[in-house]
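**Q** Residue numbers (the numbering used here), protein chains in the order written: chain P, 194 to 303; chain Y, 2 to 113.
Bear in mind the hints are in silico, worked out from the structure with no lab data behind them.
Positions of the beta carbon are idealized from the N, C-alpha and C atoms, including for glycine.
Any given hint could be a false lead.
Quick list of simulated restraints, FRET-style, between CB atoms [said to hold, decoys possible]:
id: 1; chain 1: P; residue 1: Met238; chain 2: Y; residue 2: Thr46; range: 14 to 24 Å
id: 2; chain 1: Y; residue 1: Lys2; chain 2: P; residue 2: Ser211; range: 44 to 54 Å
id: 3; chain 1: P; residue 1: Val303; chain 2: Y; residue 2: Asn64; range: 27 to 37 Å
id: 4; chain 1: P; residue 1: Gln222; chain 2: Y; residue 2: Ser96; range: 16 to 26 Å
Cut-off 30 Å, straight-line C-alpha distance, at most; resulting in silico cross-link-like pairs (DSSO-like, lysine-lysine) [what the hints assert, rightly or not]:
id: 5; chain 1: Y; residue 1: Lys43; chain 2: P; residue 2: Lys234
id: 6; chain 1: P; residue 1: Lys257; chain 2: Y; residue 2: Lys69
id: 7; chain 1: P; residue 1: Lys259; chain 2: Y; residue 2: Lys105
id: 8; chain 1: Y; residue 1: Lys69; chain 2: P; residue 2: Lys213
id: 9; chain 1: P; residue 1: Lys207; chain 2: P; residue 2: Lys259
id: 10; chain 1: Y; residue 1: Lys2; chain 2: P; residue 2: Lys207
id: 11; chain 1: Y; residue 1: Lys105; chain 2: P; residue 2: Lys257
id: 12; chain 1: P; residue 1: Lys257; chain 2: P; residue 2: Lys213
id: 13; chain 1: P; residue 1: Lys257; chain 2: P; residue 2: Lys207
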Amino acid sequence: GAVVSQHPSWVICKSGTSVKIECRSLDFQATTMFWYRQFPKQSLMLMATSNEGSKATYEQGVEKDKFLINHASLTLSTLTVTSAHPEDSSFYICVNDGYTFGSGTRLTVV
Amino acid sequence: KQEVTQIPAALSVPEGENLVLNCSFTDSAIYNLQWFRQDPGKGLTSLLLIQSSQREQTSGRLNASLDKSSGRSTLYIAASQPGDSATYLCAVGGSGNTPLVFGKGTRLSVIA
Chain P
194 GAVVSQHPSW VICKSGTSVK IECRSLDFQA TTMFWYRQFP KQSLMLMATS
244 NEGSKATYEQ GVEKDKFLIN HASLTLSTLT VTSAHPEDSS FYICVNDGYT
294 FGSGTRLTVV
Chain Y
2 KQEVTQIPAA LSVPEGENLV LNCSFTDSAI YNLQWFRQDP GKGLTSLLLI
52 QSSQREQTSG RLNASLDKSS GRSTLYIAAS QPGDSATYLC AVGGSGNTPL
102 VFGKGTRLSV IA
């Protein structure tokens, strides 16, 4: 079946640095990729929806200049957390429009 | 706006018990409903997917039902085992390219 490869699976970074998370759709072309984040003991909350070749749509309260989403091709979508702060520490996960999930990225900002 | 609620938030049962997890949603115009399992610090594992035209799905000891008109779904786990301990998430999907809306989950502990 379709697979979404998400990397890295975990990352620790210093405050102020940027982190890029990649999601690749294998054997499937994803027009749309949904990006979620999950804080400890909370549910998955939608951050943004990316569509291939167009700007992402961000949910209310999500800073588009901080969470940069690029969906340049039908097989690759990226989320870059810029100038990361400890409060950005969370579990980030992508889901394509076939509802195939990436394995998630646990980000810890120190 | 779709809202998904899961009850109870946490549940602890002795091994061998049958149990029911509940999920309710406010907008009955759904395309499908999924139940997921999430182990601590891990990603999601899809357990059961019910299309809006279906009433239930079964996989092994798991049975999920869907009553779209009343906005409810249940996940029934038979003969629970310690390995079933995890957080169970319910998510509903709309038609087309719409994102899944998740409940907050039920944290299940099965005590040996």
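**Q** Of the numbered hints stated previously, which ones are contradicted by the structure, given in increasing order?
**A** Going through the list in order, the structure violates hints 2, 3, 6, 8, 10 and respects the others.
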